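**Q** Residue-level listing of the chains:
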Amino acid sequence: MKDMLQDTIKPEWDQIDKVREECSKFLTDHSLPGDAVDALSMVVHELLENAIKYGNYEKSESRITFTLEINKKDVTVEVVNPIHGDDTPHFKMLDKTIQWIRGYQNPFEAYAEKLKEVSIRPIKDMESRLGLVRIAYEGQSILDFYVRDDDCISVSAVYHLH
Amino acid sequence: MNLQNKYSKNLLELTITEDDNAICVSWKGKSVDRDPSVFTGPILTEALEYCAGSGKKLLLDFQDLEFMNSSTITPVSKIIELGKKRSVRITILYRKSKNWQELNFSALRIFETKDGQIEITGRE
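Listed in order, the protein sequences are those of chains A and B. All residue numbers for the first sequence refer to my numbering, where the first residue is 1 and numbers rise by one. All residue numbers for the second sequence refer to my numbering, where the first residue is 1 and numbers rise by one.
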């Protein structure tokens, strides 16, 4: 059985839950414990949501690629999607958020802080702002990203197997 | 109360029940919409307003929820804060045996109050 699942999807919202289910089955079939399956399938879901929300899909052939790779000591989730070439504010914000999360010794503290922050925002403010910090806390994963030469961004999350 | 007893959108179903003491909003299925607050926000707000007027407790029961995205949590946290301001008693009920629920909902304990107005309860 291969220890890697990779696929390419259209940037359509309905695809996300299907992929999450597919990843959940893949991880279960590889005998990962239930808490790891829950955590990692959530990570895939949140990263794909971000890819659809912030990616560049002006070209009709644009796609999102996701990879789930099981290693001896960890599992890596990677999501790659096309970006707007001049999307510097988004990268800066992404970088700032990841650095901010890393600044906390315990990701729960970062999550709690963000939860308090969003709870007092107006009820009509639709921004979630919790996705990345949820990956760090509930998904117990370490986030990273880099911008590729082909105008794509790769966002990864590494989950350490206990 | 201006609420029906059942609402559903895509993969999520909300059931509203009322007894002498509380209004209960039970969540079932999956909350994975791009912006779940469009669907859940008005229902939660209406239920909260009714509780504020009637003195009943608002019970949000997530035990049968299979999955939710992070955008689902935001309106729930906002309702808790709003409930605090409106002196509404709120209980969040979740399934402790579901690991993701334990991690996710136990984090909401940061909103708990010592007087029991806001309670986060995990059931086995």
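Hints listed in this document are in silico derivations from the structure and should not be mistaken for laboratory results. Among the clues, some could well be false.
Straight-line alpha carbon distances no greater than 20 Å define the calculated SDA-like cross-link-like pairs of lysine to any residue that follow [unchecked claim]:
1) A:116 <-> B:116
2) A:92 <-> A:145
3) B:85 <-> A:117
Being a predicted model, the structure only gives us computed values, none of them experimental.
**Q** Now tell me, hint by hint, if it's right for this structure.
**A** Here's how the hints hold up against the structure:
Restraint check for residue 116 (chain A) and residue 116 (chain B): the C-alpha separation of about 19 Å stays at or below 20 Å, so the hint holds. Proximity of residue 92 (chain A) to residue 145 (chain A) is assessed by CA-CA distance (about 11 Å); at most 20 Å being required, the pair is judged to hold. Between the alpha carbons of residue 85 (chain B) and residue 117 (chain A) the distance comes to roughly 16 Å, so the proposed pair stays at or under 20 Å and holds.
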